[in-house]
Amino acid sequence: MEANKHYKEIPLNISNEYISIDTNNVTNFTHGLHKYPGKFIPQIPQWALKKYIKSKNDIVLDPFMGSGTTLVESLIYGVKSYGVDIDPLSCLISKVKTTPLDTNLIEKIYKWIMVQKECVTPYRPQISTLEHWFSQDAILKLGKLRTCIDMICEKFKDVENINDYYDMYIIALSSIIRRVSNADNQSQKTYVSGTKKKIPAETYNLFDKQIKNYIKAFNNLNSVWDHKTHASVVLSEGEANINHLKELPSKVDLVITSPPYIKSIDYVYNQMAELFWIGDLFDMQNQQKQNVKRKKYIGSTLVGKDKYKYFSLKNVQLDSQQLLDYLKLILQDKKNGQKHAYIVNKYFDFMNKHFSSIFSMLSHGGKYVLTIGNSKVSKINIPTSEILKELAVLNGFEISNEWEYKIKNHYMGFNRQNKGGKIKVDHVITLEKK
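The number in this note's numbering is simply the position in the sequence shown, starting from 1, with 2 added.
Hints listed in this document are in silico derivations from the structure and should not be mistaken for laboratory results.
Just so it is clear, CB atoms sit at the ideal spot from N, CA and C, and this is done for glycine as well.
Hints should not be assumed to be uniformly reliable.
[What the hints assert, rightly or not] Quick list of in silico lysine-lysine cross-link-like pairs, DSSO-like style, CA-CA up to 27 Å: (1) K330 <-> K348; (2) K297 <-> K248; (3) K37 <-> K110.
[Unchecked claim] Have a look at the derived ranges for each label pair, beta carbon to beta carbon: (4) K298 <-> L396: 24 to 32 Å; (5) K58 <-> T25: 22 to 30 Å; (6) K58 <-> L247: 18 to 26 Å; (7) T29 <-> D228: 54 to 62 Å.
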């Protein structure tokens, strides 16, 4: 279905329209520093900030922060923001993208790394299949870069915020790993194709190019930063109720977010190559440790049979007839219906508790801008946006606005066939606490 209208900039008064956002401007400032699957386009938080921020003292929250798009836009707009995510790599990416840095020091550290790398013992991930994922050349060069990066804090210990530069270099290293690996660059799952042999990028040349991109990005960010506004990144364990997190304020004025889809992208699996090299920082350096973390993600399909084998409609506690009707249809799938129905019910149960938590955190008159796409489960199209609206209202919210836009940039927007489907339309819903 074609969009009804085309805009380069989303009009503030948009309502009940299906539009195309005709811009390629999605990687400016620090937005493009690290590839990220299902990335939130910056035009949505830009629109929400312009429309709903009443004062520079307002506080913004993104409870499903991902790679920090909302936080970067809030920093540019000049309001305090907080982001929460279960994924530690996402949190580090977001922290780096929202921490303005001195580009002269970035360049000074880089020059030191390029000299130092010739005389260090290379770091080596402790996984038995390393040669499957990387060439010997990439293993050696990535190892030398990681060793040098780990020496930054000691070498430049007189720099007060040197840890911020260390984090930036870790993310810069992470951002080249998929492209220098043997794994396909674009697929959801990290895998080495047996039929389409890849020629990996050369490590040092790509790292050099990436550092130059980082310097340009931070120069751009510094040019608009007001030196007063800051962003805070919070790592959680994936709880629906986040208002107990001591790092968050008791009240927020605007929530801007894009929750995971049902049968979500497997972020850990997608970032597996990166985690082999930097996962030790999060205790996720091998597949065994990664799998422990994966089970905690909302929308995860990594569910043991012991969790879903007794699932039936009697287990559904949510007061949603829509949800019940779709769970009945899913359960007709003799192969995977019970597992899929369990996952769908668990997803909406999580989101119901999430709405309750956010409602208590929002100030009176506060807005919650939610962007979500519908999903296909067991060949059934689930109207995720409609069910979420129903649950939001049950938790006290009012629906004050809604519109849709066509998703055009499908970076890792792969066709998941019967495993979630390729999302073509996002629904932008504004909830209000009156």
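Going down the list of hints, with the structure as the test:
no., hint, in the structure
1, K330 <-> K348, "holds (15 Å)"
2, K297 <-> K248, "holds (24 Å)"
3, K37 <-> K110, "holds (25 Å)"
4, K298 <-> L396: 24 to 32 Å, "holds (25 Å)"
5, K58 <-> T25: 22 to 30 Å, "holds (26 Å)"
6, K58 <-> L247: 18 to 26 Å, "holds (24 Å)"
7, T29 <-> D228: 54 to 62 Å, "violated (22 Å)"
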